[in-house]
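**Q** Since chain B is already given, all that's left is putting chain E on it; use the hints.
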Amino acid sequence: MADPMKIRANVVGDTTEVKVLMSHEMETGQRKDAQGKTIPAWHIQTVNATWNGKTVLSAQWGPAVAKNPFLSFKFKGGAKGDKVQITWTDTRGDTRTDEATIG
Amino acid sequence: MPRSRRSDMRRMGALPLVALAWAMSATAANGPAVGKFGLGKPATSAEIAGWDIDVRPDGAGLPKGRGSVAQGQDIYDARCASCHGTFGESNSYLQIAGGVGTLASDQPIRTTGSKLNHATTLFDYIRRAMPSDNPQSLAADEVYALTAYVLNLNDILPADAALDADSLPKVKMPNRDGFTTAHGFLRRDGKPDTANVACMVNCTTEVRLSSEMPAYALGVHGDLAEQRRATVAIEGLKTTGAVPDAPKPAAGLDSAKRLGCLACHGVDGSGVGPAFRDVAARYRGDGSPSHVPDAEARLLAKVKTGGSGVWGPVPMPGQPQVAEADARAVIQWILSGAR
Chain B
0 MADPMKIRAN VVGDTTEVKV LMSHEMETGQ RKDAQGKTIP AWHIQTVNAT
50 WNGKTVLSAQ WGPAVAKNPF LSFKFKGGAK GDKVQITWTD TRGDTRTDEA
100 TIG
Chain E
0 MPRSRRSDMR RMGALPLVAL AWAMSATAAN GPAVGKFGLG KPATSAEIAG
50 WDIDVRPDGA GLPKGRGSVA QGQDIYDARC ASCHGTFGES NSYLQIAGGV
100 GTLASDQPIR TTGSKLNHAT TLFDYIRRAM PSDNPQSLAA DEVYALTAYV
150 LNLNDILPAD AALDADSLPK VKMPNRDGFT TAHGFLRRDG KPDTANVACM
200 VNCTTEVRLS SEMPAYALGV HGDLAEQRRA TVAIEGLKTT GAVPDAPKPA
250 AGLDSAKRLG CLACHGVDGS GVGPAFRDVA ARYRGDGSPS HVPDAEARLL
300 AKVKTGGSGV WGPVPMPGQP QVAEADARAV IQWILSGAR
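In order, the protein sequence lines correspond to chains B and E.
Residue numbers for the first sequence follow numbering that gives the first Met the number 0, beginning at 0 and rising by one.
Residue numbers for the second sequence follow numbering that gives the first Met the number 0, beginning at 0 and rising by one.
Don't read these hints as lab results, they were simulated from the structure.
All clues stand as given, with none of them false.
Cβ-Cβ distance ranges computed for the label pairs, FRET-style:
{"hint": "1", "chain 1": "B", "residue 1": "Lys36", "chain 2": "E", "residue 2": "His182", "range": "23 to 31 Å"}
{"hint": "2", "chain 1": "E", "residue 1": "Ile52", "chain 2": "B", "residue 2": "Ala65", "range": "36 to 44 Å"}
{"hint": "3", "chain 1": "B", "residue 1": "Pro62", "chain 2": "E", "residue 2": "Val313", "range": "51 to 59 Å"}
{"hint": "4", "chain 1": "E", "residue 1": "Ala216", "chain 2": "B", "residue 2": "Ala65", "range": "55 to 63 Å"}
{"hint": "5", "chain 1": "E", "residue 1": "Val313", "chain 2": "B", "residue 2": "Lys66", "range": "46 to 54 Å"}
Away from chain B, derived, C-beta distances all over 12 Å, residues of chain E:
{"hint": "6", "residue": "Trp50"}
{"hint": "7", "residue": "Arg109"}
{"hint": "8", "residue": "Leu252"}
{"hint": "9", "residue": "Val266"}
Residues from chain B that keep clear of chain E, each with C-beta distances beyond 10 Å, as calculated:
{"hint": "10", "residue": "Thr27"}
{"hint": "11", "residue": "Asn47"}
{"hint": "12", "residue": "Gln59"}
{"hint": "13", "residue": "Lys75"}
{"hint": "14", "residue": "Thr88"}
{"hint": "15", "residue": "Thr94"}
Heads up, the beta-carbon is just placed ideally off N, CA and C, and yes, glycines get one too.
Chain B on its own, in the form it takes in the complex (with noise of 0.2 Å):
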C-alpha cells in the first residue's frame, strides 16, 4: 500500500480550492536501469475526487506526470466541514483514497 497522500481544502466565498501531494513513483516505462533493461511503467492512471459522494474532477493521467505528484484544481460549492475524497490507481491495479475536511 502506498504512503497516504496530503490533501487541504480550503472554501472561499462559493469556491473550494483542493490541492493534493500523492506519493508516487511514477515510473515512465522509457528510462532504462544501469543494466540496459528497460525499467517497467508504473504510474497513477487515474484520479478521481468527490465531494459528499458527488464526482468533482475526473482524470487520466500518463508516464509523463512528475513523481510524487501535486494537484491543485478548484470547484464550485463546498463548504466548511463537507469532505472530500480523492481516489487513485496505477497501472498496477493499486489504488488509495484518503479524505479530507474542508476548511
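**A** Positioned in the frame of chain B, the structure of chain E alone reads:
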C-alpha cells in the same frame, strides 16, 4: 570634520555654533569612542543578547515557548506556503519536505527533512532567517509551531504534536548520522564551499612578495625595465643577460635513457613495468619504514637476471649486457627518489 565643511561654517556666521552643539550631543549619545582608532563603542548587553540567538543540538539557547502542529499550519499557510508550497513540496532548494532516503542515490533531494541531523537546526534557521521578507519577526511560540509543522510535513511528528524547549532536542531526524557538507547548498547540483583548514603549527608568519618568471622566459625580451618609462623605481627581477641554465637532468636518468630502461619503465607514470618512483617508494634505502635491506644488491640482481611477480604479471627480462657500473648508477638514482 573635513576642511571644506569647516570653512563653510565660518562663512555662515552664527549657524556653526548650533551645528557644533548638535555634533557634540550626537557624540555623547553614542557613548565614548573605543579602541586604537577612536571608532565605535562597546556593545551593550541588550545588543549582545539580540545577536546571541544560536541554538545548539542539545537544546542550549532555546527560548521559552511552545507551539503545536495545528498552530504551525495556520502560520505556515499565511507566511511560508507561497514560496515553499502547501506541503513543502516546492521545487529546488525551497523544498522542505520529502526526499528522505534519497541522499545516497544519484538524484539526491536535499530538504529540511532529508538532510538535517538535528531538529534544533531547523528551529534556529526559522528563527534567524525566516520568513525571507521579514526575518526575525516571529515570536518564539510561532517558531516552535512552525518547526513542529515542518517536521509534521516530513512525517517526523504526528499531527497532534507540540514542541517546546524540552521536546524539540529529543526529536530524532531521519538523517541523524549522515549529515554532509561536501555538496552545493543553494542548488542540488551546486559546488560545495571550499574546505579551508586553518594552519595551527609551523605556519608562515610573514608573507613575502617576490617576482618570478619561468627560466625559459628570462632574457627573451631583453631588459624589460629599460623598456618601461621610469617614473618610479622599477622593482622586480632583472631580465637581462643569458637565460640561466635549466636544471640538468640527473646522471642516473641519463644512463637510464641511454640503456633503454624507459622503453618499459616510466619515471613517475605508467608503463609496462613499474615507475621508478614506485620502485623507490618500495625499496627506499634510507632506513625509513619501507626500507629494504640490501636494496641496491637486490635491484642489481633483478636487472641482471630479470624478475617477475613483484609488480604484476609482466616479467622483466634479464639484462646481462648492461655494465655493472651503469646499472649501479641507475639503481642509486632510483633509490635516491628518482628525481
